[in-house]
Amino acid sequence: MIDPTFIELSRWQFASTALYHFLFVPLTLGLSWLLVIMETVYVMTGKEIYKDMTRFWGKLFGINFALGVTTGLTMEFEFGTNWSYYSHYVGDVFGAPLAIEGLMAFFLESTFIGLFFLGWEKLSKRKHLAVTFFTALGSNLSALWILIANGWMQNPVGAVFSPRTMRMEMQSFTEVFLNPVAQVKFVHTVAAGYVTASMFVLGISAWYILKGRDLPFARRSFAVAVGFGLAASLSVIVLGDESGYELGDVQKVKLAAIEAEWHTEPAPAAFTLFGLPSQETQETRDKIQIPWLMGLIATRSLDKPIMGLAELTAEHETRIRSGMIAYGDLMKIRGGDKSPATQAAFDVHAKDIGYGLLLKQFTADPASATEVDIKAAAQSAIPRVWPLFWGFRIMVGLGFLMLFVFAAGFWLNATKKLERHRWLLWLAVLAMPAPWLACEFGWFVAEFGRQPWAIGEVLPTFLATSSLTSGDLIFSLCGFLAFYTALLIIEVFLMQKYARLGPSSLGLGRYHFERAARPHAVPAE
Amino acid sequence: MFDYETLKFMWWILVGALLMGFAITDGMDMGVGSLLPFVARTDTERRIAINTVGPHWDGNQVWFITAGGALFAAWPAVYAAAFSGFYMAMMLVLFALFFRPVGFDYRSKIDDTRWRSAWDWGLFLGGAIPALIFGVAFGNLLQGVPFQLDDLLRSHYQGSLLGALLPLLNPFALLAGLISLGMLTVHGGVWLQLRADDPVSGRARRIVMRLAPLVAVAFALAGAWLWFGIDGYRIVSEPAHGDLPDPLAKQVVREAHAWFAIYGRVPVAMLAPAIGLLGPLGAALLAAVRRPGLAFVSSALGLVGIIGTAGLSLFPFVMPSSLDLKSSLTVWDASSSQLTLTVMFWAVVVLLPIVLGYTVWCYANMWGRVTAKDIETQSHSAY
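From first to last, the protein sequence lines stand for chains A and B.
Per this note's numbering, the first sequence starts with residue 139, numbered consecutively.
Per this note's numbering, the second sequence starts with residue 3, numbered consecutively.
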């Protein structure tokens, strides 16, 4: 009936292609604004060095952007190719933000990006700055719309299931747009992008300073990145905390799993800093806890409890039993029963139809599921805890590490002591992978924590796939593996080649390597 | 506001318009890619050809992405059944498209002959393969696609791997694929004649003069084949068009000449095949008399005519099923809810004119022939 290997392969393909795509997105989101800042200074002051900065960081932006576009195509295809039942079941709601993303964001970003790279000669200063601005605006708007779509997967508001069309149908576009989960996700994600870009520029600039190359160029780049990065890393932490509050409200299972909260504790709950969670014994060993903190983050109160996984499992059981009735009535309606009585009976339990569908991995007919099936389904509605517990802690730890780098860098830069503190410059270089790791872990926690649902409490992931075979998936996975590996090697090769060359790659004749070749050239500045 | 039936019909027009927009803009880039090995020999010549579309190809590609997104939002059932059914073909298109963003951006970043010529082949494949396969897809739509919907409206496709791919590559579909590849190559050719300097421009002109009449002949041949050799689909009974979409509630038969019924019912529809035939011929003629601007318009009209002909012939079908006739998806029973169609309609009405506005602004600001001198002076920044 349901082939677990095929489901696993489908999930692996989506997860790996999405995580791979997300290697390139955050840098685009943030670096585009850094380019706007640098170019604005150029237009306002007329100093050529800021133009050179815009062009050089823009070159690195382009190398990254190309792969962002390439891997983004995959995401556009994959809902239809690999998650076709998902596409049918929720396309009415989920498709709209995606299409608007194309119309409002991708067009803007992509129409102007070519002029950013190739329009330096043909456009006036101001026109070119406008082009850069619209590229940045477009890329950030695309994050807004895709996260509205993703927020709806987490918290499907503004839609109801229709037995006649056998799918979710939109009831209120405003509710979908103003979905609180989507809004906090958007600000947290773009802020994470700004941190990524700042870390990128900071690390490379610090390296030039350590090497004593192109110092005026490197110092200015460092200063722009450190200011932007400090503001962004503060935002990302505050807004991440806001996400935690939102989770406490609508995604209780995810929150309990991240916190390894096996049983409801008396309020206010403690925050487990470290520990070893075990799914089998349903407990966390060797815990280090901070009293009250979790209750404050998730409920903003001292008296509201946070539900534990055991209590949530019991709640799932109730909803599964309700979902069984809904499924039975749905089958009658699908079988041609148009009586208002059946419809009314269905409506009573309609909100639990998703829980009824959870049984499909254990029995072909959920309406007549056994007690064993029900228990198994209720257990299946809890994700694996330890990957979420640790993924979350790694993300947060990296976030605070980066905050430290930016804060120390900002202070040393402001007090003009930067170049005497080489340890910080080295730290900035070594911390460069941190934002990527944090972004990937964050994305993983958000998506893995949603399991077993493709759409929270509406459509289980195992039902959302296409009707393909494992063979089809192995073919496409091999293709992705080959292309993505080759592309990554090429991208990293180009990126490090240009980062090493620095502004000398612009061919302007006034930077380090060109001056080495032509000793009498005019130095920069 | 609009009633449900009207909205469903308008979305058929809008999806068609997005596909035509895609062919006119991104199709042009694919045409340039397909022509790259034939119009440009030296590195500078290749860079001239690439830079005629360099600033615009990415924006143009969004027509493709948006058409896909609109399909998802307006016809989720079609998006689901077509993308998963044509799995192998879609993966080939996707892998071919991978070559373009990196090809354009990375090609000239390393000064090495092998590196550059490898990316040139990448750009060729990224243009030619999708152009061919889109046509093959339409060729198969006209013959019906072997899928069916179960009671819960999950779509099942017959076959997997090569067993799914090879039947798609049947003679009629391949002819449709060649028409698609040919028409986009012509379109890219007139663009090169318009925007590239000689000798690229002249070579493109000669190719357009030879290839465009062949496209018209192939298009006519496909029409004759459809009339004599391929049964169309006809709806015998169906729920009211304004009803909730329910694909399994209708009855469908296959019969000869059904794909031509629309031209009898609505004679003005015959404009589409007429334009589809005259567009490429006009492009050849205008290219020959060195009026590439007008040739471009004529070629664009040809694309509109050819795509319009396919859409009109199928109407109201979008994706007929050869395996289970009633599973066929139509304009009336594959659509989204009334609210979603309304929201999306207004999104397009408001946003598309803005998009067209700044697209024109961008083309206008980058206008002018790309010359060897441009490439030499901007050697570090040009593609």
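Don't read these hints as lab results, they were simulated from the structure.
Model, not experiment: these values are computed from the prediction.
One or more of the hints may lead you astray.
Claimed, not checked - Below are the EDC-like pairs computed for lysine to aspartate or glutamate, each with C-alpha atoms no more than 20 Å apart in a straight line:
#1 A:Lys260 x B:Asp376
#2 A:Lys260 x B:Glu378
#3 A:Lys489 x A:Glu313
Said to hold, decoys possible - Pair ranges (Cβ atoms, derived):
#4 A:Val630 x B:Val352: 46 to 52 Å
#5 A:Gln309 x B:Leu171: 39 to 45 Å
#6 A:Ser262 x B:Ile15: 37 to 43 Å
Stated by the list, open to error - Computed footprint of chain B on chain A, listed as stretches where at least three residues anywhere in the stretch have a Cβ under 8 Å from a Cβ of chain B:
#7 141 to 153
#8 243 to 253
#9 406 to 413
#10 609 to 621
#11 639 to 649
For every residue, glycine included, the Cβ atom is placed at its ideal position computed from N, Cα and C.
So, going through the hints one by one against the coordinates:
1. A:Lys260 x B:Asp376: 11 Å, holds
2. A:Lys260 x B:Glu378: 15 Å, holds
3. A:Lys489 x A:Glu313: 17 Å, holds
4. A:Val630 x B:Val352: 46 to 52 Å: 41 Å, violated
5. A:Gln309 x B:Leu171: 39 to 45 Å: 44 Å, holds
6. A:Ser262 x B:Ile15: 37 to 43 Å: 39 Å, holds
7. 141 to 153: violated (count 0)
8. 243 to 253: Holds: 9 residues of the stretch 243 to 253 of chain A have a Cβ under 8 Å from chain B.
9. 406 to 413: violated (count 0)
10. 609 to 621: Holds: 6 residues of the stretch 609 to 621 of chain A have a Cβ under 8 Å from chain B.
11. 639 to 649: holds (count 3)
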